[in-house]
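Undergrad: Sequence:
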Amino acid sequence: MKELINLDECVIQALKLFSVTKLPKIEVTFKNPIVIGSGNAAALGKILYPSAIHANESTYKTILKSQKPDGCILISASAGKHAPIIAKQMRKNKIKTILLTNNPDGKATKIADKTYLFPKNTEPYTYNTSTYLGMILAKTGEDPKRILTFLEKLKVPKDLKKYNSYFFIVPESFDLIREFYETKFDELFGPKIQGEAFTFEEAKHAKTIVKSDKELFISLGKENKVFGKNRLNYKLPKNADFALMFCLGYYLIGKIQQQNPPYFKRSIGNYVKEASRLFKQKIKILS
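In terms of numbering that gives the first Met the number 0, the sequence shown is residues 0 to 286.
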């Protein structure tokens, strides 16, 4: 198998894809939908439909007992794993389902009432960069070429490896992006490297009691003059929205990945075998 790319390269390739590729326009007529996704798909749902009822693969059944949604928006890049199970439950409950996916052959596409198919690149399992970025761009209407230019001019320190903990600070208006960053640290580094993300106001609430000389504070959009000893600040371009924040965070995390041992690349082969058994379906390293 060819060498897997790092996350920062994945971001650049995704932006190049969307610079030349048209995205579908999502039309939703539901007044009070339930939006369901697993992992970062659940976080994505909050960005796309902030006023909806939100659930994941563990909570949707409980939520349906107390809520009466008039439709379901199911977000799943693969349209597999938990997605067909959820889609079947929606059909059983007589709730119409709109599926947002990147896989025309996923099992959930055969169950959902309507499917919106988004373009994607072939990427390492769990990266989900082009998959989710396309959906965010369809929502925000940001120009991927401008984001690409911004990242290509970004100055990234070449000594990120000297830290083993990274504390991202984001503007309050981008609170919903934090989960994407933290999940990506989990997936790429596990217990080897710590990554956290908070808004500036949230960071004031006992997030920095225990200190470390090997922790780097990365502030996006607001100069950090308060937290930590090691600081890295980035200004955001005018009219920055969630697609830029998604790309910026993933790009920086990819640079951290680039400068450290290849923990993910060494481990993903065994993991997809285990995940294939757990989900009872073939999961590939590249898809």
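What the hints contain is simulated information worked out from the structure, not anything from laboratory work.
Careful: at least some of the hints might be erroneous.
Once the Cα atoms are required to be at most 27 Å apart in a straight line, the calculated DSSO-like pairs of lysine-lysine come out as [what the hints assert, rightly or not]: (1) Lys106 to Lys87; (2) Lys160 to Lys264; (3) Lys213 to Lys24; (4) Lys24 to Lys45; (5) Lys87 to Lys272; (6) Lys45 to Lys161; (7) Lys213 to Lys234; (8) Lys64 to Lys160; (9) Lys15 to Lys67; (10) Lys30 to Lys64; (11) Lys161 to Lys106; (12) Lys30 to Lys95; (13) Lys157 to Lys95; (14) Lys161 to Lys264.
Undergrad: Next, verify each hint and record whether it holds.
TA: Cross-check of the supplied hints:
1. Lys106 to Lys87: 10 Å, holds
2. Lys160 to Lys264: 17 Å, holds
3. Lys213 to Lys24: 45 Å, violated
4. Lys24 to Lys45: The hint holds at about 18 Å.
5. Lys87 to Lys272: 26 Å, holds
6. Lys45 to Lys161: 34 Å, violated
7. Lys213 to Lys234: OK: Lys213 and Lys234 at ~23 Å, within 27 Å.
8. Lys64 to Lys160: At roughly 48 Å apart (the allowed maximum being 27 Å), Lys160 and Lys64 break the hint.
9. Lys15 to Lys67: Between Lys15 and Lys67 the Cα gap is close to 41 Å, so the pair fails against 27 Å, i.e. violated.
10. Lys30 to Lys64: Answer holds: Lys30 to Lys64 is near 18 Å, not above 27 Å.
11. Lys161 to Lys106: 44 Å, violated
12. Lys30 to Lys95: 12 Å, holds
13. Lys157 to Lys95: With a Cα-Cα distance of about 50 Å, the restraint between Lys157 and Lys95 is violated, given a limit of 27 Å.
14. Lys161 to Lys264: Measuring from Cα to Cα gives roughly 20 Å; hence the hint holds.
Hint check: violations occur at hints 3, 6, 8, 9, 11 and 13; the rest are consistent with the structure.
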